[in-house]
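If you're matching them up, the sequences are chains D and A in order.
At position 153 of the first sequence the residue is numbered 156 (the working numbering), and the sequence of numbers has no breaks.
At position 331 of the second sequence the residue is numbered 334 (the working numbering), and the sequence of numbers has no breaks.
Calculated directly from the structure, the hints in this document are not laboratory data.
You can trust all of the hints, since none of them are fake.
A partial selection of chain A residues facing chain D, derived with a Cβ cut-off under 10 Å:
no.: 1; residue: E270
no.: 2; residue: A273
no.: 3; residue: G315
no.: 4; residue: K367
Here a beta-carbon is modelled for each residue, glycine too, at the ideal position from N, C-alpha and C.
Protein chains: 2
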Amino acid sequence: MKRREFFKKAGVTVAGAAGAATLASPALSQGRTQWIGVSAFGKAGLLGAAYENFAKTVSTLTEGSLEIKLYHSGELVGGLEALDAVQSGTAQMGYGAPYYWAGKSDAISFVAAMPYGLNAQEQNAWFYYGGGIELADETSYNPLGLKFLPLGNSGNQMGGWYAKDINTVADLEGLKFRMPGLGGEVLKTFGVNVVLLPGSDVLPALTSGAIDGTEWIGPAADLGAGFFKVVKNYYYPGWHEPATVLDAFFDKGAWDSLNDTQRAAIEQAAMATNLGVLSRFQAVNNASLKKLVNEHGVQLKPYSDELLQAIGERTPEVTAELAKKSPEATKLYNSIVEWREGMVQWSGISEGKFMNARTSAPFKTI
Amino acid sequence: MKRREFFKKAGVTVAGAAGAATLASPALSQGRTQWIGVSAFGKAGLLGAAYENFAKTVSTLTEGSLEIKLYHSGELVGGLEALDAVQSGTAQMGYGAPYYWAGKSDAISFVAAMPYGLNAQEQNAWFYYGGGIELADETSYNPLGLKFLPLGNSGNQMGGWYAKDINTVADLEGLKFRMPGLGGEVLKTFGVNVVLLPGSDVLPALTSGAIDGTEWIGPAADLGAGFFKVVKNYYYPGWHEPATVLDAFFDKGAWDSLNDTQRAAIEQAAMATNLGVLSRFQAVNNASLKKLVNEHGVQLKPYSDELLQAIGERTPEVTAELAKKSPEATKLYNSIVEWREGMVQWSGISEGKFMNARTSAPFKTI
Numbered sequence: 004m005k006r007r008e009f010f011k012k013a014g015v016t017v018a019g020a021a022g023a024a025t026l027a028s029p030a031l032s033q034g035r036t037q038w039i040g041v042s043a044f045g046k047a048g049l050l051g052a053a054y055e056n057f058a059k060t061v062s063t064l065t066e067g068s069l070e071i072k073l074y075h076s077g078e079l080v081g082g083l084e085a086l087d088a089v090q091s092g093t094a095q096m097g098y099g100a101p102y103y104w105a106g107k108s109d110a111i112s113f114v115a116a117m118p119y120g121l122n123a124q125e126q127n128a129w130f131y132y133g134g135g136i137e138l139a140d141e142t143s144y145n146p147l148g149l150k151f152l153p154l155g156n157s158g159n160q161m162g163g164w165y166a167k168d169i170n171t172v173a174d175l176e177g178l179k180f181r182m183p184g185l186g187g188e189v190l191k192t193f194g195v196n197v198v199l200l201p202g203s204d205v206l207p208a209l210t211s212g213a214i215d216g217t218e219w220i221g222p223a224a225d226l227g228a229g230f231f232k233v234v235k236n237y238y239y240p241g242w243h244e245p246a247t248v249l250d251a252f253f254d255k256g257a258w259d260s261l262n263d264t265q266r267a268a269i270e271q272a273a274m275a276t277n278l279g280v281l282s283r284f285q286a287v288n289n290a291s292l293k294k295l296v297n298e299h300g301v302q303l304k305p306y307s308d309e310l311l312q313a314i315g316e317r318t319p320e321v322t323a324e325l326a327k328k329s330p331e332a333t334k335l336y337n338s339i340v341e342w343r344e345g346m347v348q349w350s351g352i353s354e355g356k357f358m359n360a361r362t363s364a365p366f367k368t369i
Numbered sequence: 004m005k006r007r008e009f010f011k012k013a014g015v016t017v018a019g020a021a022g023a024a025t026l027a028s029p030a031l032s033q034g035r036t037q038w039i040g041v042s043a044f045g046k047a048g049l050l051g052a053a054y055e056n057f058a059k060t061v062s063t064l065t066e067g068s069l070e071i072k073l074y075h076s077g078e079l080v081g082g083l084e085a086l087d088a089v090q091s092g093t094a095q096m097g098y099g100a101p102y103y104w105a106g107k108s109d110a111i112s113f114v115a116a117m118p119y120g121l122n123a124q125e126q127n128a129w130f131y132y133g134g135g136i137e138l139a140d141e142t143s144y145n146p147l148g149l150k151f152l153p154l155g156n157s158g159n160q161m162g163g164w165y166a167k168d169i170n171t172v173a174d175l176e177g178l179k180f181r182m183p184g185l186g187g188e189v190l191k192t193f194g195v196n197v198v199l200l201p202g203s204d205v206l207p208a209l210t211s212g213a214i215d216g217t218e219w220i221g222p223a224a225d226l227g228a229g230f231f232k233v234v235k236n237y238y239y240p241g242w243h244e245p246a247t248v249l250d251a252f253f254d255k256g257a258w259d260s261l262n263d264t265q266r267a268a269i270e271q272a273a274m275a276t277n278l279g280v281l282s283r284f285q286a287v288n289n290a291s292l293k294k295l296v297n298e299h300g301v302q303l304k305p306y307s308d309e310l311l312q313a314i315g316e317r318t319p320e321v322t323a324e325l326a327k328k329s330p331e332a333t334k335l336y337n338s339i340v341e342w343r344e345g346m347v348q349w350s351g352i353s354e355g356k357f358m359n360a361r362t363s364a365p366f367k368t369i
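Excised from the complex, chain D in its bound form:
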């Protein structure tokens, strides 16, 4: 989209007050900008609240020179149409998860999460100090006319809900399971009948037996989704989504026309939101997990070593094939794989070793 088109579509409402030229105030002399922001998420949840807070913060930081009027999922366009809405100029920014836009790009799913890949801390290190944001832009967002910023992370997800126990590779054969993204591609190679369903259809499908199970997010979101009413076996860990990235995407023309203050406001508020969303998921998951187990009879179960090992050994074959689909996907994949190697080494002897060791300390309140 061209710059002129953007200004028309973005609806610049104040071109500068009459006396503004006498003041050295960029916000006034360059006028006030109104954006429309769309979202793949509903207003009610944790992510809707984070998006509201982000827009409010940008307004406060720019003293109203950049206002983002938000439309959550279904309010202006459907949740999965958010990226289309920005590309068509209906909105100037959107909020979602990169793998929602897999139909638009062979590379973009690798920005979201890689099975057996990076945890949230390592993912953020790659984004901010490993060239990750620039590479996501170059390989995935810029070709779509967009600019990317991370706007939250789920942290390590849960493995999912199963009607029956699964312990062995043989138990996967013929299983009807809902799992989008790269994890689903891996499960297909084990004979799983991978089903893709919009969120609202998952509980009915579980209830009717149309599917044998589903992954979702983590305890807090899963409790709200109510899967515990139908199936009781809740597996961990979420090998398929170790730290799923939420993405903000901006019309590139709109982004480029921001002044320094506006751009800094978005960048700082986005980085703070990235940490805030991860922190909030981390803060609420355990209480929700307790409720699921203690009040709803959910059985918390680890994936067997056999399964974790077999799926882990298969995963790189599947992801490598997907990464060969385009030069952009290959470039992004190689960066993540290289980064992952160093992170597995460092986190293994620091965070990983520490988390195993600390269980020996019997802390009590006094």
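Use these hints to put chain A onto chain D, whose structure you have.
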């Protein structure tokens, strides 16, 4: 400090241009504010760069209505005098680590890090969604006339440098070791002669044999400090500092006199800096560790299970005694201990389990 005193000390330089009253521009009508910021850290390192970037960002976000002129360690006052400088009104903000100010507060060291306590993700969850910032203020910073915000995290540190191998509890007896903070208090109970030395004195003390070892931060910072020239045994993990918090502290009167934009600018830039510092440590540690091992002959060694278990069992006794010193310390300690319990449960089945499982996946670049 009273508000009037603050304005005098902070040196408000522009009270508003003559014509400003006719404009609805809070930044102009309330004038421009200049602060002085001091630091416990030198300009050259990762933390000095983060502090510079923070101040620059605040200036950009406020369009110059709040300028923070920085003086790094030794430039205006000594690094460990930073908090004194803010309390006396010489500066309006400071940067350091909470345990540097242990002489001022019985509670404040618990804000920094607890041996066998929270990792960085859990620590941030507590700060932002567990009431941690408010509790740190109430118990530790407000009583000193200050307002607190987290401004970075080291992530999991390394265990430290030792001239000789240590494998058993008996090896600790009589050891002369530099370790400040709560970890040092724990080691004392094992007969360690715990030594406190300013950073610049550590390498000379190691060289002369005045100490048998030292902890420092992590591979990147430790490489720069040059300890590898004298001792070669480098132990992990950093049970004593699983995720050390860096603190920003503000004169309470100065903080309270900020307008909404200025306060939001500091809060957002601080939260972004918090994530940025952690991300940068995470990004650079592994390459530094490789250099230490491959180019400088450093021996990377895990603490023995015997030591990790014995120290882990002793730690809560020691920290509980320290937390009994004042009602503020007790209140803060109990909040952290309760939070830790939920986090150990959740992180154990999510992040911890995942990090063990993912090593089976043989990713390669394509």
